[in-house]
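Knowing the structure of chain S, use the given hints to seat chain R on it.
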Amino acid sequence: MRFLGPEILAAVLLFSPFACPQAAPPQSAAPNAQTTTPTRYAPVDYDGWGKPIKPSAATERAAPAPRHDISGTWDPGNGPDDGGQFLGAKTLPVDGKPGHEPPYTPLGLETYLQTKPSNGARMVAPTDTNDPEIICNPQGFPRENLFQLRTTQIVQTPVSVIILYEFDRIWRVIWTDGRELPKDPEPRWFGYSVGKWVDDYTLVVESSGMDDRAWLDHAGRPQSADLRVEERFHRVDHDHLEWTVLIDDPKMYTKPWLAMDKFPMKLQPADFDVREMICSPSDYTEYNQLVGSPASDPTKERK
Amino acid sequence: MQNFKALLERSVAPNVVLALLMAFPVAKAQTAPSQSGAQKEHKSAPAPKHDISGTWDPGDNGIGQLGARAVPEDGDPAHRLPYTPAGLEALKLNKPSNSVRAVLPAETNDPVVTCDPQGMPREDLYEMRTTQIIQMPEKIFVLYTFGKVWRVIWTDGRELPKDPEPRWFGYSVGKWVDDYTLVVQTAGLDERSWIDRAGRPHSDALHVEERFHRVDRDHLELIVTLDDPKMYTKSWTALDKLRFDLQPPNFDVREMLCSPSELAEYNKLIGTPASEKSKK
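Chains as they are written, first to last, in the working numbering: chain S, 1 to 303; chain R, 304 to 583.
Honestly, the hints are just simulated from the structure, not real lab data.
Since we're looking at a predicted model, the values are computed, not measured.
Each hint should be verified, as a subset may be incorrect.
[Unchecked claim] One-sided excerpt, in silico: chain S residues whose CB lies under 10 Å from chain R:
hint, residue
1, S71
2, P138
3, T157
4, S160
5, W175
6, D177
7, S280
8, S282
9, D283
10, T285
[As the list claims (entries may be wrong)] Quick list of in silico lysine-lysine cross-link-like pairs, DSSO-like style, CA-CA up to 30 Å:
hint, chain 1, residue 1, chain 2, residue 2
11, R, K533, R, K352
12, R, K478, S, K54
13, S, K51, R, K478
14, R, K478, R, K465
15, S, K97, S, K266
16, R, K478, R, K395
17, R, K571, R, K478
18, S, K183, S, K255
19, R, K571, S, K116
20, R, K571, R, K395
21, S, K97, S, K251
22, S, K97, S, K196
23, S, K51, R, K465
24, R, K465, S, K54
25, S, K116, S, K255
[To be verified] Label-pair ranges, simulated between beta-carbon atoms:
hint, chain 1, residue 1, chain 2, residue 2, range
26, S, A125, R, A508, 33 to 41 Å
27, R, P440, S, P264, 25 to 33 Å
28, R, A348, S, Q114, 54 to 62 Å
29, S, P256, R, H382, 39 to 47 Å
Cβ coordinates follow ideal geometry from the N, Cα and C atoms, glycine included.
Bound-form chain S, shown alone (with noise of 0.2 Å):
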C-alpha cells in the first residue's frame, strides 16, 4: 500500500483555487447579474459570454513585460471579488480594525461621519443609506477604482489610454499627449486625467476636477473639489499589472494616503467577454419592495 499523501496533497495544491462551486453559466436561471444589491457574487467560472474562463496552472511562467504598453483585458489578481471593496477603499476597509482610517482633517472627519454607508462597520440599513451610488447615481472617480473593480480592459491608442470598467460599463480617458490638467474646470464625476510613462513600465496618471458629490469609496470616505489622485499602472511582466491610487485632498485629509496599493491584476485572453453590471433603478426599487424596506416601515409600498 503506497502511501499516497504527498500526491493527494500535491493535487489540492495545484487545484484548490479552482474547486470553487462551479457557478451556473450564464444561460441558465443565474441571478440577475444587473441588481445593483450590495450582495457578493460568486465566485465565476464563465465570462460574459457562457464561455468557461481557463484556469491558469500555478507553475506558469509570463513571458517579460513589453514596454509601455498596460493594454488587455485584467481580472483582479487574487480572485474575481478581490477588487469589491465593500468596507472600503483597498487598503483601509471600515472592518473595526484599529489603523484602517486615513489621517482626516476635522472637516473630513465631519463630512465622514456624515455618511451613511451600506456596509461596513459604519452600516445602515438598506433603505436608510444615502450613498448617490445606490439610486445609480455616477460612482465618478476614483471610487470607480475603489469599488467593485472587477475585468477592467485596457485600450492604448497613439494619443490616450482608455479604461473600460465592467461595473456600470464605463469608459475612462485618460490622455498622453502631453496636454495639461485643465486649470479650475467644470467638475466632471470622473474629472480629467492625463499621463505619462516615467519608465518603460510605469504609467503615472495625474486627475483632478473632480465632483464633490461622489463618495471616494463605499465606505462614504469623502472627497472635495481639490481632490488629486495619483494612479500607477506598473505592467510587472506579460501577465500581471500592479495598480496604485494615492489619494490627496488636503481639505479632507492632513497627507496623502493610499486607497490602492500595488492592487495585482492577472491577464485575461483577448477573447474574454466581460459581463455586464448596470445600475438599474428599476431592479433598486424592485429590490426595496420585496427585501429592502423594514417590513415596520409604513411608507414604503410592499407588493
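For chain R alone, kept in the frame of chain S given last:
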C-alpha cells in the same frame, strides 16, 4: 446631508442646464472647434479598408427627441409602425416625455429619465453624440458619450449565444460584408428598455442589425434595422444612414451622465406641476 445642502447653495443653473440638455434638442455645444456643425464639404481621402475606427461626430442628427430618426413619433401616418396587437398593447403602457404621445415630465415612466440604462438599440437612437470606435483584432469597442457606456462587438467569428440571459446591451457580433461595411447583429436584449425616446416597445425576441459603412476617410454612415416578430409584423428601419464626421483623435468628449439626484432636483424646481397632481 451636507453634500445636498451644498448642491442647493451652489448655482443650480448647470444642473438644470444638464437636465434641459437631456430634455430638449440642443445646438452644438462642443467647445472644441468642429466642422460638423456646418457639415462643411471638404476634400476627403479614400476610405481605408476594414476600418471604422475613429472619433465620430453626428452633429445634432443623432439626438432623436421624437424617437427613431427614420420614423419619428410626430403624428405623420407614414411614420406609424407595423405593430402586432401585443406591440400596440405594450406601446400604450409607455408614457414618453417627448413626441405626440408626451406626458408631463413628472408623469413619464421613461426608464432612461430615472437613469435606467438605455440599452440597445436606444443607445444608437437617442442622444447619439460623439462616438469613439476602437478596433482590435478580435473585437470592436464603441464608446458612447451618453452615459459614458462602452459596448463590445465581437468580430472573431463567434456566433450569438442561444437563449442567453438578457442584457441591457445584449450580445453583439459583427463581420465585414465588403471592404467598407461592417454588419453587426445584436440579440439577447432586456425587454425593459424602450427602443427609442418615443417609447416604442420591444420584446426579448428583438434582433438589431447595424450597418456601419465607411464612406470615405472622414465619413461614416450608420443604418439600424429592427426585427421583433412579437411586437411588429415586419422589420423596420430605425436609422437610415446617420452620417458621422471624423474628429481629430485628441478630441475630448464631454461628460454626459444621468444622475437621479439631479433629476430629483430638476423635478422639485421645474418638472413637478405646482398642483402636485402627478406626484409619483
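> Holds or violated: is there a CB of chain R closer than 10 Å to the CB of T157 (chain S)?
Replying inline: 7 Å, holds
> Between K478 (chain R) and K465 (chain R), does the CA-CA distance stay at or below 30 Å?
Replying inline: 19 Å, holds
> Should the interface hint for W175 (chain S) be scored as holding, given a Cβ-Cβ cut-off of 10 Å against chain R?
Replying inline: 7 Å, holds
> Is the shortest C-beta separation between D283 (chain S) and chain R less than 10 Å?
Replying inline: This hint holds: D283 (chain S) lies near chain R, its Cβ roughly 8 Å from the closest one there, short of 10 Å.
>> Is the interface hint satisfied for S71 (chain S)? The criterion is a beta-carbon contact with chain R at less than 10 Å.
In response: 9 Å, holds
>> Next pair to validate is K51 (chain S) with K465 (chain R); report whether the Cα-Cα distance is within 30 Å.
In response: This hinted pair holds, its Cα atoms lying about 13 Å apart.
> Hey, K51 (chain S) versus K478 (chain R), does the alpha-carbon distance stay inside 30 Å?
Replying inline: 20 Å, holds
> Is the hinted range of 25 to 33 Å satisfied by the C-beta distance from P440 (chain R) to P264 (chain S)?
Replying inline: Check passed, 26 Å falls within 25 to 33 Å.
>> So, as I understand it, the hint says P138 (chain S) touches chain R; can you test that by seeing if any CB pair is closer than 10 Å?
In response: 4 Å, holds
> Are T285 (chain S) and chain R close enough, Cβ to Cβ, to be under 10 Å, as the hint says?
Replying inline: Where the cut-off is 10 Å and the nearest Cβ of chain R is about 9 Å from T285 (chain S), the hint holds.
>> Against the 30 Å threshold, does the CA-CA distance of K533 (chain R) and K352 (chain R) hold or violate the hint?
In response: 38 Å, violated
> Within 39 to 47 Å or not, the Cβ separation of P256 (chain S) and H382 (chain R)?
Replying inline: 58 Å, violated
Hints 11, 16, 17, 22, 29 from the list above are not met by this structure, while the remaining hints are.
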